[in-house]
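2 protein chains.
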Amino acid sequence: MTAVQTITLDGEFAMRRGHINQPTLAFETWGTLNAAKDNAVLIFTGLSPSAHACSSDKDPSAGWWEDMVGPAKPIDTDRFFVICVNSLGSCFGSTGPASINPDSGKIYRLTFPVLTVEDIADAAVHVLDHLGVAELNTVVGSSMGGMTALAFTQEQPGRARRLVSISSAARSLPFSIALRSLQREMIRTDPAWQNGDYDLDGNGPVAGMRLARKLGMITYRSAAEWAERFGRERATDFTHADNPFGIDFEVESYLESHANRFIGSFDANCYLYLSRAMDLFDAADHGGSLDASFSKLQLESALVIGVETDFLFPVSQQEELAMALNTHINDVTFKRLPSLQGHDSFLVDMDRFRPAVAEYF
Amino acid sequence: MTAVQTITLDGEFAMRRGHINQPTLAFETWGTLNAAKDNAVLIFTGLSPSAHACSSDKDPSAGWWEDMVGPAKPIDTDRFFVICVNSLGSCFGSTGPASINPDSGKIYRLTFPVLTVEDIADAAVHVLDHLGVAELNTVVGSSMGGMTALAFTQEQPGRARRLVSISSAARSLPFSIALRSLQREMIRTDPAWQNGDYDLDGNGPVAGMRLARKLGMITYRSAAEWAERFGRERATDFTHADNPFGIDFEVESYLESHANRFIGSFDANCYLYLSRAMDLFDAADHGGSLDASFSKLQLESALVIGVETDFLFPVSQQEELAMALNTHINDVTFKRLPSLQGHDSFLVDMDRFRPAVAEYF
Chain P
1 MTAVQTITLD GEFAMRRGHI NQPTLAFETW GTLNAAKDNA VLIFTGLSPS AHACSSDKDP
61 SAGWWEDMVG PAKPIDTDRF FVICVNSLGS CFGSTGPASI NPDSGKIYRL TFPVLTVEDI
121 ADAAVHVLDH LGVAELNTVV GSSMGGMTAL AFTQEQPGRA RRLVSISSAA RSLPFSIALR
181 SLQREMIRTD PAWQNGDYDL DGNGPVAGMR LARKLGMITY RSAAEWAERF GRERATDFTH
241 ADNPFGIDFE VESYLESHAN RFIGSFDANC YLYLSRAMDL FDAADHGGSL DASFSKLQLE
301 SALVIGVETD FLFPVSQQEE LAMALNTHIN DVTFKRLPSL QGHDSFLVDM DRFRPAVAEY
361 F
Chain H
1 MTAVQTITLD GEFAMRRGHI NQPTLAFETW GTLNAAKDNA VLIFTGLSPS AHACSSDKDP
61 SAGWWEDMVG PAKPIDTDRF FVICVNSLGS CFGSTGPASI NPDSGKIYRL TFPVLTVEDI
121 ADAAVHVLDH LGVAELNTVV GSSMGGMTAL AFTQEQPGRA RRLVSISSAA RSLPFSIALR
181 SLQREMIRTD PAWQNGDYDL DGNGPVAGMR LARKLGMITY RSAAEWAERF GRERATDFTH
241 ADNPFGIDFE VESYLESHAN RFIGSFDANC YLYLSRAMDL FDAADHGGSL DASFSKLQLE
301 SALVIGVETD FLFPVSQQEE LAMALNTHIN DVTFKRLPSL QGHDSFLVDM DRFRPAVAEY
361 F
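Read top to bottom, the protein sequences are chains P and H. Residue 22 in my numbering sits at position 22 of the first sequence, with consecutive numbering throughout. Residue 114 in my numbering sits at position 114 of the second sequence, with consecutive numbering throughout.
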């Protein structure tokens with residue numbers, strides 16, 4: 001069963017650095033749009049999730065934010081009409097590099113235009129139009145989704161009354177750019193990538209994707225959490241009699257198991273496009289500076305949440321975002337959480353994140 | 001010109017997990033051993049440097065710690081007889097996986113026994129014996145060299161009166177193990193590695209080594225330094241007309257240039273062995289706990305220096321080391337430096353490191 005809905009746009013969709021024809025956008029919705037049409041909440045995702053944020057009758061499988069979205073949850077689907085969009089450029093129903101170009105009949109691969117976070121935001125507007133949502137109660141995003149939510153408020157002033165940005169940033173800084181650039185290089189230097197022309201039904205650049213996912217997992221958590229969780233415990237479920245550089249420690253075994261689950265579920269070219277979109281994002285591009293850029297915002301309020309142990313989207317960047325928003329928006333709340341799980345805290349430290357989000361809604 | 005000296009041991013050298021025959025050890029010395037033979041200082045290096053810590057008449061090229069070692073420098077070669085050893089397992093004159101096994105006449109490659117930090121420390125004892133140094137004034141090490149220096153004081157109680165440990169740790173924790181494990185996987189999954197049987201005169205696993213070096217560089221510095229240094233500046237010296245995922249930002253260009261310099265200068269198998277040796281190190285192995293282990297130390301004093309922005313060898317681990325030493329040694333100094341350059345600070349933030357080391361000596 002699936003709860004995914006799709007729309008396919010007529011004609012050309014203009015992107016920042018190119019255009020595509022008749023893209024499809026996948027999304028899920030929960031709850032009901034009220035008569036006043038003022039209870040819609042739009043969720044943008046991080047790099048890898050699908051539109052399946054939470055379970056429903058149509059798809060009872062757990063969503064990627066199951067503890068946050070649903071009846072009587074902090075983003076309460078009894079009160080709100082909640083929409084989650086699979087990002088343009090991704091591979092879970094929305095058009096991306098792994099989709100067929102209707103003009104050529106061939107898979108886009110590297111002929112897909114350079115993707116920007118703004119393009120992802122723009123595409124979602126068509127979903128709102130389709131659903132009859134003229135104005136959002138709130139636009140919400142975490143990680144890359146926070147960048148997209150911010151871009152949405154900049155691209156579409158007045159289309160959302162409120163913004164929730166979680167573990168995100170107003171721009172990418174060189175440390176995170178370097179890490180993502182290296183992840184992309186891991187995939188690109190895997191000979192099986194074949195310059196993007198790998199067999200989509202086959203394995204593709206599995207070794208490169210495994211490396212990239214492992215580096216992602218290392219940067220998504222925190223050293224303190226892992227010290228507590230793994231210490232110097234030795235691995236038991238992998239042996240390396242055949243390889244003197246195999247797995248010794250439990251932490252290596254953990255990375256191997258999780259990376260193996262990721263491989264095959266995410267298209268390598270889509271990963272490359274979405275990863276680079278994050279590097280390219282700078283909210284100041286919309287006006288020359290964050291201040292000039294944010295002067296055009298039409299938000300009633302904003303909530304910015306950051307985590308102290310997040311070193312990919314450091315809390316200092318989120319404080320910067322909150323301060324810049326505060327210059328132009330009356331009601332800005334900044335929450336600095338002491339979660340131990342680094343960037344991933346919004347997915348796992350629900351005891352801290354649920355009340356922080358619930359209080360705002 | 002070279003100032004490197006070598007000794008070749010007679011017979012078998014016992015390692016923790018195997019043995020090798022007639023290994024060669026490369027080292028350099030500066031200054032003169034005094035009549036009392038009490039002014040010798042031994043320096044252990046990090047993973048990648050050679051024994052060339054500083055310039056001399058015989059080799060005027062700059063050494064890897066040129067600002068720290070030399071006449072009238074903090075480690076003053078006018079006062080001290082300074083010895084720097086190329087680690088066993090490395091590839092700058094000492095025997096390692098890239099050396100020929102005298103028993104078989106073939107290059108060791110992966111037949112080299114598992115290397116431990118303790119083996120590196122034990123091997124250096126033979127250099128001291130050769131030089132007539134019965135007791136060291138001080139054993140000094142930074143990064144992996146700090147682990148080796150600590151292992152030396154544990155393996156050879158009484159052989160050094162003082163210990164200087166810089167940006168090191170008493171054990172590897174899962175975050176740094178995960179990063180190093182991933183670096184090794186980058187090399188191992190490069191098809192050119194050929195399970196260690198690459199052509200030593202050719203290029204070898206260049207793509208894997210480039211990735212590993214870049215991840216190293218990312219983890220050796222700090223996000224704050226890079227934000228200040230690169231910001232979102234665009235690259236000008238690389239173009240990527242042929243590749244949509246090439247280099248956009250100055251930080252990517254910086255990594256590419258530096259990684260290209262490293263490749264070819266360091267043997268991939270040696271890198272794998274030395275990297276894993278760091279993971280395996282736990283000073284508590286010598287006695288079941290740090291406390292039990294350190295009770296056997298015979299040191300008069302110790303200096304531990306850590307850097308607040310170091311996330312590979314976090315300052316908390318160095319504080320832990322200093323505290324554990326302090327239980328058994330009368331005179332322990334712990335210096336916590338606010339350098340911005342992360343783990344690499346001891347190589348570049350000389351304005352802070354020179355006085356910290358000079359004061360101790």
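Rather than coming from a laboratory, the hints here were simulated on the basis of the structure. Here the structure is a predicted model, which means the values were calculated and not measured. Accuracy of the hints is not assured; some may be wrong.
Since the list gives no way to pick one copy over another, a pair counts as held whenever it fits inside one copy or between any two copies.
Unchecked claim - In silico SDA-like links for lysine to any residue, alpha-carbon gap of 25 Å or less:
#1 Lys296 - Thr189
#2 Lys106 - Ala14
#3 Lys37 - His19
#4 Lys106 - Glu320
#5 Lys296 - Arg232
#6 Lys37 - Ala192
#7 Lys106 - Asp282
#8 Lys335 - Glu233
#9 Lys58 - Tyr360
Hint by hint, here is what the structure shows:
1. Lys296 - Thr189: neither (42 Å within a copy, 49 Å between copies)
2. Lys106 - Ala14: within (20 Å within a copy, 62 Å between copies)
3. Lys37 - His19: neither (32 Å within a copy, 77 Å between copies)
4. Lys106 - Glu320: neither (44 Å within a copy, 59 Å between copies)
5. Lys296 - Arg232: between (52 Å within a copy, 23 Å between copies)
6. Lys37 - Ala192: Classified as neither; 49 Å inside a copy, 60 Å across copies.
7. Lys106 - Asp282: neither (32 Å within a copy, 55 Å between copies)
8. Lys335 - Glu233: So Lys335 and Glu233 fail the 25 Å test inside a copy (35 Å) and across (30 Å) alike.
9. Lys58 - Tyr360: Classified as neither: same-chain Cα gap 28 Å, cross-chain 70 Å, threshold 25 Å.
Consistency with the previously given hints fails for numbers 1, 3, 4, 6, 7, 8, 9, ordered from lowest to highest.
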